[in-house]
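UniProt numbering applies: residue 1 is where the sequence shown begins, and numbers increase by one.
Don't take each hint at face value.
[Unchecked claim] Cut-off 35 Å, straight-line C-alpha distance, at most; resulting in silico cross-link-like pairs (DSBU-like, lysine-lysine):
# : residue 1 : residue 2
1 : Lys45     : Lys80
2 : Lys3      : Lys32
3 : Lys3      : Lys28
[As the list claims (entries may be wrong)] Per label pair, the in silico range of CB-to-CB distance:
# : residue 1 : residue 2 : range
4 : Cys35     : Val141    : 21 to 31 Å
5 : Glu136    : Tyr9      : 33 to 43 Å
6 : Asp57     : Pro84     : 27 to 37 Å
7 : Gly10     : Lys32     : 29 to 39 Å
8 : Tyr9      : Ala134    : 26 to 36 Å
Since the hints were made in silico from the structure, they are not lab data.
Since this is a predicted model, take the numbers as computed values, not measurements.
Backbone N, C-alpha and C define an ideal beta-carbon position, used for all residues, glycine too.
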Amino acid sequence: MAKHDHDVYGDEIALSLLGLPCEEFREKYKTKDFCIWMFSMEDKKAIVNDVFEKFHDRFGFYPESTGSYYMDADLTNYIKAAYPTVKCAVATCWEEGPKAYHTCNNSWYTLFDGGPWAPWIPSKQNTHAPAANAAEDSGIVAIPHLSRDLIACYDGNGSNFGTHPQNVLRGMI
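Whenever a hint applies, use it, and build me the whole structure from the sequences.
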């Protein structure tokens, strides 16, 4: 169905680097956990190659977008070099910083508590940091995992004001 809609309507088919721990993955990488940012760079490359090639085998082309809760600069740079069709990636979750469980705090407006809250061109040196110039441009557009209403988050956890359906449900309880 996805391939049909891609061919007929031009719908995008993205490749997520989340939710990969199937039996085949567990056997090959000897783990049930899957957080791509926790693997060695050698394993990250192998995982990316495995899933991108499987995607190509299934759909006949490589994806234009990918993503995970966090993609470090080395991973982003590798993906762009190995699979130049990739134009964008869900590269960070803004709340995946050192104060992730404090919801909103006095560092919410900085880059030190996760990535930017809107699309940006990440630096080749640090995915969380926007590129300062063309030499630092990683070649992709990074997109946050979800967006929040900054003002609504300032006074509370912002669960009713985000783009994450589970947060909206949590906010209704």
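Now the hints, each set against the structure:
With a C-alpha separation of about 12 Å, the suggested pair Lys45 and Lys80 falls inside the 35 Å cut-off, and the hint holds. Taken as a hint, the Lys3 and Lys32 pair is honoured in the structure, with Cα atoms around 29 Å apart against an allowance of 35 Å. In summary, the hint linking Lys3 to Lys28 is supported, as the alpha carbons are separated by about 28 Å, within the 35 Å threshold. With their beta carbons about 23 Å apart, Cys35 and Val141 fall inside the hinted range of 21 to 31 Å.
A beta carbon spacing of about 36 Å between Glu136 and Tyr9 agrees with the range 33 to 43 Å that was offered as a hint. In this structure, Asp57 and Pro84 break the distance hint of 27 to 37 Å, their C-beta atoms being roughly 19 Å apart. A hinted range of 29 to 39 Å for the beta carbons of Gly10 and Lys32 is consistent with their spacing of about 37 Å. Remark: the range hint 26 to 36 Å for Tyr9 to Ala134 is upheld by a beta-carbon distance near 34 Å.
Hint compliance for this structure: hint 6 is the single one not met.
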